[in-house]
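Protein chains in written order, with numbering that gives the first Met the number 0: chain A, 0 to 81; chain B, 0 to 81; chain C, 0 to 152; chain D, 0 to 152.
By construction, these hints were calculated from the structure, which means they are not laboratory data.
Small disclaimer: the values here were computed from a predicted structure and weren't measured.
Chain D regions said to be covered by chain B (calculated; three or more residues, Cβ under 8 Å): (1) 49-57; (2) 82-96; (3) 121-135.
Derived DSS-like pairs: lysine-lysine, alpha-carbon spacing no greater than 30 Å straight-line: (4) B/K67 with D/K62; (5) D/K62 with D/K150; (6) C/K150 with D/K150; (7) C/K150 with C/K62; (8) D/K128 with B/K41; (9) C/K62 with A/K67; (10) D/K128 with D/K150; (11) A/K41 with A/K67; (12) D/K62 with D/K128; (13) C/K150 with C/K128; (14) C/K128 with C/K62; (15) B/K67 with B/K41; (16) A/K41 with C/K128.
Some but not every residue of chain D turned toward chain C, in silico, with C-beta under 7 Å: (17) G16; (18) T33; (19) R40; (20) D41.
Glycine included, C-beta positions come from ideal geometry on N, C-alpha and C.
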Amino acid sequence: MIRILFFASLREELGCEQLELPVAGMGDISQVRAALQQRGEKWAVALGRGNLQVALNQALAGDSSTVKAGDEVAFFPPVTGG
Amino acid sequence: MIRILFFASLREELGCEQLELPVAGMGDISQVRAALQQRGEKWAVALGRGNLQVALNQALAGDSSTVKAGDEVAFFPPVTGG
Amino acid sequence: MTVSVEVRVQEHEFDTGAEFGLLRADNHSDGATTIFVGSVRDFNSGDPVTALALEYYPGMTEKVLADIGQRALERWSLGRVRILHRVGQLVPGDDIVFVGVTAPHRQSALDACGYIIDLLKTEAPFWKKESGSGRARWVESRASDHEALEKWR
Amino acid sequence: MTVSVEVRVQEHEFDTGAEFGLLRADNHSDGATTIFVGSVRDFNSGDPVTALALEYYPGMTEKVLADIGQRALERWSLGRVRILHRVGQLVPGDDIVFVGVTAPHRQSALDACGYIIDLLKTEAPFWKKESGSGRARWVESRASDHEALEKWR
Numbered sequence: 000m001i002r003i004l005f006f007a008s009l010r011e012e013l014g015c016e017q018l019e020l021p022v023a024g025m026g027d028i029s030q031v032r033a034a035l036q037q038r039g040e041k042w043a044v045a046l047g048r049g050n051l052q053v054a055l056n057q058a059l060a061g062d063s064s065t066v067k068a069g070d071e072v073a074f075f076p077p078v079t080g081g
Numbered sequence: 000m001i002r003i004l005f006f007a008s009l010r011e012e013l014g015c016e017q018l019e020l021p022v023a024g025m026g027d028i029s030q031v032r033a034a035l036q037q038r039g040e041k042w043a044v045a046l047g048r049g050n051l052q053v054a055l056n057q058a059l060a061g062d063s064s065t066v067k068a069g070d071e072v073a074f075f076p077p078v079t080g081g
Numbered sequence: 000m001t002v003s004v005e006v007r008v009q010e011h012e013f014d015t016g017a018e019f020g021l022l023r024a025d026n027h028s029d030g031a032t033t034i035f036v037g038s039v040r041d042f043n044s045g046d047p048v049t050a051l052a053l054e055y056y057p058g059m060t061e062k063v064l065a066d067i068g069q070r071a072l073e074r075w076s077l078g079r080v081r082i083l084h085r086v087g088q089l090v091p092g093d094d095i096v097f098v099g100v101t102a103p104h105r106q107s108a109l110d111a112c113g114y115i116i117d118l119l120k121t122e123a124p125f126w127k128k129e130s131g132s133g134r135a136r137w138v139e140s141r142a143s144d145h146e147a148l149e150k151w152r
Numbered sequence: 000m001t002v003s004v005e006v007r008v009q010e011h012e013f014d015t016g017a018e019f020g021l022l023r024a025d026n027h028s029d030g031a032t033t034i035f036v037g038s039v040r041d042f043n044s045g046d047p048v049t050a051l052a053l054e055y056y057p058g059m060t061e062k063v064l065a066d067i068g069q070r071a072l073e074r075w076s077l078g079r080v081r082i083l084h085r086v087g088q089l090v091p092g093d094d095i096v097f098v099g100v101t102a103p104h105r106q107s108a109l110d111a112c113g114y115i116i117d118l119l120k121t122e123a124p125f126w127k128k129e130s131g132s133g134r135a136r137w138v139e140s141r142a143s144d145h146e147a148l149e150k151w152r
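Next comes chain A alone, as it looks inside the complex:
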């Protein structure tokens, strides 16, 4: 399984803080994103935003980063700390 986390406005928009996806068919982040977008219109829109950031195992990652069983993937909007 892959553990997926959502933060801040994205978490609120999806009404979901975390979920797990089976790793079958997930080669990279873009495939994880595509699988999530299948969950419905709301998910398709929210995860399709160009400014969304992705972290793989708590480090910033890109669409082509490879995922494997046990990985933690997080999607979040641009950060606004400080």
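Chain A is fixed; fit chains B, C and D onto it per the hints.
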């Protein structure tokens, strides 16, 4: 009279913290300096150094700044605070 | 004295005087200490702010802060680096972030402090939600924060 | 909140935490506070330092510090500026100088803090005499301090 102050290494070198000079013949700072340099070899050398700074009434001044009775003139080496 | 990077993410207030003391304790080789503290303003982009909620990504946030501190250590000759950030519920006047840097020389301490806060603003996973005028809104990231990175390239 | 410049020259220690509190008190409009503290190092230019005597020009020094603070206020949009400097007998580890600046935005607070300490180093009438290795020596002014001014022209 004009009140003259010396600070830091210059004060130590001259063995003098302050003195008063009659204003007669003192048109500007360069004349004050020249009068002080007349006081002997030690004074001629110390007040002839190119890096010496001068303040007139507690504001940085130049050789051509005009002096008058009651003024305070200070000579000191480059500052090293902070 | 060994160089060090300390980071902390916490709900409770931090004490800037005490943090300064930790930067200086038994540190006679660094002549310069620079501190940046960011606080909650009562207005943002013209809108009144009465409260601020700060969310973060436990685990990743600490790693990113430590990594930013480490990059500062590699770029300048520094002594100690401390980065603290509050999360949870805050109100105007509360301090959010503390960046403290010591160095033998002042320019390194000043530059490293600016570098750390600029990187923190664009890389550390924190998100602010402001309340005011009866509504809550997620704060948008600023283009100016990304432009500020130009000077470190 | 009105903008202000406070300067102080004193023999006794200052409390950085308390000074920070004065910069922040009832100040909800400035989101950024920057502090620079300079301390006595135990080495200078390779020579051990065991004590430091600081001399100043009473009257002129305070005027120069206030003028430097005022020029910072004219150059950036700032809230409060505090400049403290110790004089008299100090030992390694002692804090000599405190520069604190608040501003609505961080870059102004960081830049103004660097500007003030750079100007203080070259303009404010203070002189240091170091003791160590059994002898006392007046500290020479540094070319690097004058070069540091280039960035503010």
